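Whenever a hint applies, use it, and build me the whole structure from the sequences.
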Amino acid sequence: MDETVLERIKSVFSESAELAGRSMEMMVGRPLSIRVNRIEQIPFENLCESLYPPDTPMAMILLRITGDNSGYMVFLMYEENARKLNEILWGSVPFEDGVINLSDPSALGELANVVGSCFLNVLADRVGLELRPTEPFFVYDMLAAVLEGLIAEQSLIADKAILVDTNMAEKERGIGMHFLFLPSPDLVENLAARLR
Amino acid sequence: MTTNNLPQKNLSIGEIYVTTKAEQVSTVLGSCVSVCLYDSKNKISGMNHHVLPAPPPSAQVDSKHSGKYGKTALPELLVRMKQLGMETRTTSAKIFGGAHMLSQISFAMINERNVAVAREFLHANGIRIVAEDVGGDRGRKVIFQTDSGKVLVREVNKREFL
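So the sequence lines, in the order shown, correspond to chains A and B.
Using the numbering used here, read the first sequence as starting at 1 and increasing by one per residue.
Using the numbering used here, read the second sequence as starting at 1001 and increasing by one per residue.
The set of hints was computed from the structure by calculation and includes no laboratory data.
Treat the numbers as computed from the prediction; the structure is a model and nothing was measured.
Glycine is no exception: its CB is placed at the ideal position from the N, C-alpha and C atoms.
Treat the hints with care, as some may be off.
[What the hints assert, rightly or not] Restraint-style ranges between C-beta atoms, simulated for each label pair: (1) Glu1087(B) / Glu40(A): 47 to 53 Å; (2) Arg196(A) / Ser1148(B): 56 to 62 Å; (3) Glu49(A) / Ala1059(B): 23 to 29 Å; (4) Ser184(A) / Lys1082(B): 39 to 45 Å.
Right, here's the structure in full:
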């Protein structure tokens, strides 16, 4: 995927982040913004190392892409950022005694659902495909343990992921969040052909 | 995380490592599998980290990518250990990983096949399996102490020695 296509994906994500920010704003009743800081393609073999040490515990929300083409979307953040994000969004904390409470990850899942759906909707409109996300799946575990599962499945058909660094802000509070987009080769091919 | 002052080696995805030195070799596993081999007589140790059980049928696997697949990585691990003087009768194996991390969104049972390939290979080559910590739905950090054959397994908020 060349730089032009990557820039177009960045603009799709920026547009969808704006839409998602407005949706979240209506849900929580406070001004929110989601900003895209950078976007880059990363080979699977360097993916974990380019983010954090492989054994770093991270909160991750995964959505599978279905429809005309396939792939995955992954939202990942430090536990502390997940905690702050929950406070900003819902005023609640799904953690007990410093340990994330897996029984109530729905708030983060909802965020991923809104942002992921907005991204796929804008992308689908631009390229004329039908793309839908599955239900969000929350996991709190070591970074490499989760990503290698996706890499294992995707590496039979693809070799690169697209990393988008974002920042979600409410007033002066900003929270860093990574978004990983792992399109299947047929989706990459369609994006390359239709986003020029 | 370290458990003593031994030199540290981080094993990457698809990497194979053999040594006669006292070291701590560590890796993080989800659906992938690592086999730790330890020859107690000759003090030779080896470890791999395979991602998939086997290459696609039509794929040509070069030496750069052989560590990615159990079917090609494990024979190479054994060859490299034998080159250092490993003997089968004094060598034991421990198997780790093979978790089904993404059960709600991924239906590919790569994890189970990764473990099966390791067991089949070890049985076929007459190497005793003395410990396993496989399956489940959590990631593992595995730390192999090559001077003793001991392995520390850590999950988020949990650890144990095997």
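Here's how the hints hold up against the structure:
1. The given range of 47 to 53 Å is respected by Glu1087(B) and Glu40(A), whose C-beta atoms sit roughly 48 Å from each other.
2. For the pair Arg196(A) and Ser1148(B), the beta carbons lie near 58 Å from each other, so the given range of 56 to 62 Å is met.
3. Distance hint check: the CB atoms of Glu49(A) and Ala1059(B) are about 25 Å apart, consistent with the given range 23 to 29 Å.
4. The supplied range of 39 to 45 Å is met by Ser184(A) and Lys1082(B), whose beta-carbon atoms lie about 40 Å from each other.
When each numbered hint is compared with the structure, no violation occurs for any of them.
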